[in-house]
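A.B. asks: Using the hints provided, position chain B relative to the given structure of chain A.
Residues per chain are reported as follows:
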Amino acid sequence: MGRQILIDPVTRLEGHAKITLHLDDQGAVEAAQFHVTQLRGFEKFCEGRRFLEMPYLMSRICGICPVSHLIASAKACDAILAVSIPETAAQLRRVMNLAQVVQSHALSFFYLSSPDLLLGMDADPVKRHLFGVAETHPMLARDGVGLRQFGQQIIETLGGRRIHPGWVIPGGVAGPLSTENRDRILAGIPEALNRTQRTLDWFKRTIETFREEIRTFANFPSMFLGLVGAEGELETYDGRLRIVDESGSIVQDGIDPLRYAEFIGEAAEPWTYMKFPYYKPAGREHGFYRVGPLARLNIVTRCGTARADQELAEFRELRRGAILSSFHYHYARLIEILHGIEKIEELLSNPKILSKDVRAVAEANRREGIGVAEAPRGTLIHHYEIDDEGLITWANLIIATGHNNLAMNRGILQAARHYVSGNHVSEGMLNRVEAVIRTFDPCLSCSTHALGQMPFKIQIIGRDGVLVRELRRD
Amino acid sequence: MTPAVSDVKTLQIDGIDVSAQADQTILDAAREKGLSIPTLCHLDGLGDVGACRLCLVEIKGTSKLLPACVTRVEEGMEVTTQSERLLKYRRMTLELLFAERNHVCSVCVANGHCDLQVLGQAHGLTHVQFPYRYPKLPMDASHDRFVVDHNRCVLCTRCVRVCDEVEGAHTWDVMSRGIGSMVITDLHQPWGESDTCTSCGKCVQVCPTGALFEKGKARLVAKSRDFLPYLAMMREGK
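Residue numbers (the numbering used here), protein chains in the order written: chain A, 579 to 1052; chain B, 4 to 241.
Hints are computed from structural coordinates only; laboratory data are not their basis. Do not rely on the hints blindly, as some may be mistaken.
[What the hints assert, rightly or not] The calculated BS3-like cross-link candidates involving lysine-lysine, where the alpha carbons are at most 27 Å apart (straight line), are:
id	chain 1	residue 1	chain 2	residue 2
1	B	K218	A	K622
2	B	K139	B	K218
3	B	K139	A	K622
Note that this is a predicted model, so its numbers are computed, not measured.
Okay, chain A solo, but in the shape it has when bound (with noise of 0.2 Å):
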């Protein structure tokens, strides 16, 4: 017999979606589906409008990442202009786009895991949010709240504003950056260091009480896909594609970004709006892969600032291979901050950040552009073709929570066999498998484009097709 609990409200995750698990007679999870259930469709209404608009209009699929878009969506269309647009422009995209990974990762962390990870995922949902970390853990969720901070003003002195920042334009820059604004930014890192490796500690401690979620969140051999530096160093800005497998093996490397098509195919299934993105060669079946920081520590040679590479090595010690839990998303996350940090400041300590020339002016050259830029949440690829008038004629954006619904839907299916039974199911039980996407740190939002409300529903459906229950939040 259907039953429903409601969790009003329940959120700590960017969008909302619905997961389905499917039980056999004897009441055991047979089949878990992560369905996205709303769609945007800004591929389609970009279609008509002039490329130069492209960064602003594609910055507004979110909120969270509006600057990775801007990127990806830019270097499209520097592609378009046919132009090399000047190097202190790349470098200071390279900024912005580093304080969004480490302000997007605090988001992802702080606010929406920590409440997991602090509370225990048994908590009293009530109390099981930032708030509540806030009451128990005052110092963690200020450092949190700090760091965001950190990042947020970075994309605010750079580009004006916090959110959707018209700043990065085809061709480079809008504006150069002054010597005040860079000391300004420069005076914030000791402090946003210090609360990194103060939570880095703390996570480390704490990551053993965490062995069965460690154990049985997403945790499966699979490709990871990323872009990375010439050396192979961490690099969310420019780059090569690099894949590995499960042991860490180097399985295409120098790829081109812009052959990507060679390498990514995309599925569509009829119950979800999510495509899902699969590694071509292996195909459909078999090239599942991940990206988005526990990918990119993965591919990576070396992170190449000095800090965050003594963190990698003791990362790396988790696992002889590729690192298979998805629960290290978490701690990839952190790491990746103090990455950033340290990677902003190197930046910012090359007089060269300073200079004027900030924008290459040309027109339409050429008649397709593609943009790849990493994303806090992975690989983000923006796609166009225009017309002899500059007029978009197609677009194809695969964004980087897509290439993660494979293995998000494996990942779900894994933690509820393990959790969830039919007999007894407890809040507790259906949060873990929650928190296998937020390990993630899917947006929801951007991957589908989604508009409008989007509330998150797990609902369980016995072989005979009836709800046996539902969890739904609105």
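C.D. replies: Quick look at chain B alone, frame taken from chain A:
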């Protein structure tokens, strides 16, 4: 030369005694006195058409609201420029303008430099009570330097008037009627193929919204319209 006494009319605007020349409009007289009446299609230096209806005012003795930009002053007139009723109609007019086409300020090239946006803010427009029409309208980017985006056009006809009255090219005009009206170049040819357009760019400068803009700029900077009253003054010797 001092105007003849009969050329001067005395009237009241918002209770203030005003004297104006007989050929002046209520809008001119009010603005000379420092009284503000909202306008959108009006632009100093261009002929008025009374198209936008934002400058409607109340005149004692008539139940009709009259547009201040095309109504001449008359002796003994009592004009009200601000009232609950006028505010209601002005807001409604603005809401209808926003609902008619796709005015999305956040992604518009004219964001921050748009007359419609300023009017919306000045009238405290926080939402639109009419359903949006979401028409699917094209952009014409065939011109070398300029683009027309019909989604942002409010049919004020400033472009039509400046092209005809000031540049003398009459490239722009309006086709169709009512809700189907569109500004067009020549006989509805692509702008880039227009034989008459001199590429002077005056239409772009006078456009109140992001409907007409220059290529090569991701965002619009403030438009320059100072040339218009100057040109009018020099040509007409006023």
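A.B. asks: Run every hint past the structure and note whether it holds.
C.D. replies: Cross-check of the supplied hints:
1. B:K218 - A:K622: Measuring from Cα to Cα gives roughly 23 Å; hence the hint holds.
2. B:K139 - B:K218: Holds, at about 22 Å.
3. B:K139 - A:K622: 12 Å, holds
Comparing the model with each numbered hint stated earlier shows that all of them hold.
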